[in-house]
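Asker: One letter stands for each residue in the lines below.
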Amino acid sequence: MLESRADSSPFWQPHDPEDEHLAEQVEHGREEHLLLDPLPPAENNAIVLESMNQTGKAFWMAVLGLGGLTLAFLATWIVQIFSGIGVTGLNRSVMWGPYIANLIYFIGIGHAGTFISAALRLLRMDFKRPIARAAELITLFGLAVAALFPIIHVGRIWKLFYMMPIPNQRELWPNFRSALFWDMTAITTYIIGSTLFMYLALLPDLAMARDHSTGWRRKIYRTLALGWRGTEGEWHKMESTSNILSYVIIPVMFSVHTGVSWNLAMSIQPGWHSTVFGPFFVAGALFSGVAAVILVMIVIRKTMRFGYFLREEHFNAMGLFLLIMSFTWIYFYFAEWITNWYGNLPMEKAIQRMLTGDLAPLFYLMLFANIVVPVGTLWSRRVRTSLPAMFVICVFIQIGMYIERVVIVSGFLSRNELPFNWVNYTPHLPEVLITIGTFGFLALMYLLATRVVPIIPLWEVYEGQAMQATRRIGRAILPTRTESH
Amino acid sequence: MADNTTEHKWTMIVDLDKCTGCQACVVACSAENNIPTPSEDEILRGRGNQWIRIERYWEGEYPNVKARFLPVFCQQCGNAPCEPVCPVYASYHSEQENLNVQVYNRCVGTRYCGNNCPYRVRIFNYFAPHFDEPLEQQLNPDVTVRGPGVMEKCTFCIQRIRRGRETANAENRPLEDGEVVPACVQACPADALVFGDKYDENSRVAQMVPNERQFKLLEHMGTEPAVYYLKGGETHVGE
Amino acid sequence: MTKFMLLGLFDNVTTTATVVGEVRDLGIKDSEMEIMSNIPYASNIFGRKTPRQWFLPFALGGMAVGVLIAFFMSYITPRLYPIEVGGQGLTPVPPSAIMYFEFMALFTMLGAFVGFLLQNRFPILVRQMYDERITEGYIGVQVLAPSEAVMEQVVKVFENHHAAVVKREDAAGFPNQGMRHLLFWGGLGAAGLVAVLVPLLLTYDVVRLPWINTMKDTVVVKAQEGPRRAAPPDAVPIQGPVLIAGQPATERLPDTPESRERGAALFSINCAMCHGPAGNGEGVVGLKHFPETPPLDGERAAALSDDAIFLVITNGKNRMPSLAENLSPGDTWDIVNYVRSLGGAPAEAGQ
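Protein chains in written order, with my numbering: chain A, 70 to 554; chain B, 541 to 779; chain C, -2 to 348.
Rough simulated footprint, nothing fancy, chain B against chain A, three-plus residues with beta-carbon under 8 angstroms:
| hint | stretch |
| --- | --- |
| 1 | 235 to 246 |
| 2 | 333 to 345 |
Computed from the model, here is a short list of chain B residues facing chain C with C-beta under 10 angstroms:
| hint | residue |
| --- | --- |
| 3 | N574 |
| 4 | A620 |
| 5 | Y632 |
| 6 | R686 |
DEER-style ranges, computed between Cβ atoms:
| hint | chain 1 | residue 1 | chain 2 | residue 2 | range |
| --- | --- | --- | --- | --- | --- |
| 7 | C | P79 | A | W227 | 25 to 33 angstroms |
| 8 | C | A299 | B | R713 | 39 to 47 angstroms |
| 9 | A | T549 | C | Y72 | 51 to 59 angstroms |
| 10 | C | A305 | B | A571 | 29 to 37 angstroms |
| 11 | B | A571 | C | P79 | 33 to 41 angstroms |
| 12 | C | L87 | B | E759 | 22 to 30 angstroms |
| 13 | C | L185 | B | H670 | 50 to 58 angstroms |
Hints in this document: simulated from the structure, not taken from any laboratory. All values reported here derive from a predicted model rather than from experimental measurement. All C-beta atoms in this analysis are idealised placements derived from N, C-alpha and C, irrespective of residue type, glycine included.
Between the sequences and the hints, there should be enough to build the whole structure, so can you do that?
Answerer: Given below as structure tokens:
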């Protein structure tokens, strides 16, 4: 029996010590740490369920705005299908542009979700408890939007089924030697794996929503909850399956963005043909992904009034994570730059000249946003726990990482071996509209999802709260953590 | 002797000493292969769609400036970087003709091959082709008019190669040297382009290949092109 | 004897553990008790053994399926239709390794998930003993009592420990899943099979969709496609005669027996299949046409002028294609002469 739980009180009614000094410490711990501050689950359930029903004016304004962006994206896409890819700014030398950069970017921001829910789960990091589902939803929707881009950028959408490995009367199968096919398999694997993983962890919360809602919502939740009751067997099997999926999805996560980067690295285009692209892109993905998760955390904390769930400790931990990822990204980028610079090979020199010449404003903005901003600020706990500061920092990082992708994809392509074919790329209206529109589409899907799916994984929070306690050591009250399995 | 299994190694020799940069080959190729004429706007946007183009490089400082002409077209690489990257096998290697073949109706338009070509000879149809009346009557019925979203490139006039093979087969004799003439070779007034089967020892190309002026474009990349360039005289490279 | 299903809710772990011990003392086996909660608790907290599960077969089974699919993609498909691409062999190792990795990962995850659903008997389509307060933090102890007497004892245990809720019902109200579950998965499987097989009808062209095929029908004037159009007024011919609309391309060749002989030979190659060897419209292909292929030995043909016959052969008419590709103008005049002979016109003297 647990020493500190020898009394018969529910985990949400811990006993406070009588000593005033000690009680103060407990109070302080309760403010700081979510897991030391349990509330009756009925109350917490109500907070989350209420936030899901919150469809006031601001919500509908947001839906309208984002819906408008989505419509702009769809309309531009349809025009592009009928007019031809020529409406974009692509040319004979630069055949890949922002569409591919968007593909890379959206897959990238999805990586943090898997890392947080799978890797941090295996590492038993408790700070991930309230964040996991919000992060996973970014992964899911980011992947869904990213999967649109190969369709958008392709010349003949109506023949895209040629790329699918289905038996057909032509007796032709796709070319598994092509990096684009590896991409397809990897993204499919990742999206299915992420959905299954999220669904597993969602089951207990769907059961909670089923139990406390009415009408059409109750019907949906009842179907989706599959009859979950929370029996020992169900929990045990859910944990085992989550374990298996965690172990498998972490290498898949690495392989997805590596695969996407190999679209570039497998070619012989100078600047692209680099062995470091795999790890470089994964580091960049985690970097931008963690920043995206922090942005979403800030937004939902404010708009859905989750101040109870998302506290300074979480932003502090994520800020530290972001700082570490920024170091990793800087390391890889420097490694790439210095090898190219030192080797002095003509084509790579030409590309570096372009970066510091024609593309200098973008290049230096990227360096500022990805190096100066995080490293210069995130070392301070005050900054990490200040939400406005983190918002600005994360927006800068998104801008910086986006520029990095676009420069690598369409910038590098304009420099190839025969200088007669050097043509600079300038984006045209369709690329801009579709890019902004897909951001809007992603935000719209996310917004609607927050009203349908409980965005805080409540059972994980309760589990953390039940397993954490305080323990008196000498004159101090310190948090302790129990290993429950 | 004539059968459908004879393997050819179609080779083109470009004598840079003779090339005057007159662009007759460009016009002939566009006429033969149903290539629509792009507008000036499109050219300025970098969307020139000629399968063969004369690359012009300036050498030296004014007033000792020289223009060097380099006709560049698909090099029909033996180790083509455009082939393994196509996810639908629209670009593959014909082992009988030893040519890099582009299948228009299989092409989905991912444009990976275009990025991977170091010579940038692959053309993408960004728009549907448009031919002003009555120029559509001039189109070659032997060559597909490519729709939008499809990659294309120089084929060494494979339609003429096929016709030559079929004629030779029908007449039960082997293909003779000089029987198959691509449009650019046919049009070149300076005889700078020579085309033939390198596997035929008696052909003109086979005899011209061992030339001390001979080089291949971007040879260091390992693409094994089937096109030999003969260095022009009076080049100041290396000085 | 009727069995009874009971449910007691308690708000903390310690009490629940005590209750479980006391219920076990009443003779209820572990397998007839269930503990339900909104947080995962380790089984030994309640003094119970961890429930059995076996995921290995599912995960490994999935992995095996993945390996098979990857083997198919990387080894079999290149050999079904070998296509040579730039310098790589048919089954190069590095891309194959990627295939194996991805497909193994995908199907391992799917296998584990299917194992999860099957072992939990999800989705549960029958009524279950449950209370909504379980998701508010209460721990539920579900007991299957074999008789009414035991049921009363269990209820007493529950009430002794201040259960927040006590439910009791005839166990018959909670049937086993049994057939329903099988039917569900069977139905799902069948639906899945149909969903997989129906697109095959499309991919094997059994059901033809009018796919957009932009390149089959183009502006190009194809071979044998009529009508043969005249060149614009200022066009300069490179070779051959100038074709002017409505006029034959050359002067008529004289109607000599030699010309007719040549015409006969050409007729048998180019025209006989439709118009018949005897020119009466009963050729092998001609019989299948509707409307009928016109005969050439009758009055209609005799009424046509030579120029008209020449133009029909050159330009085509209705279903008849233009034969200008196959026949030079001289050949065409030979056939015109031969056709005249069919109608009975006498030949001119040889020259």
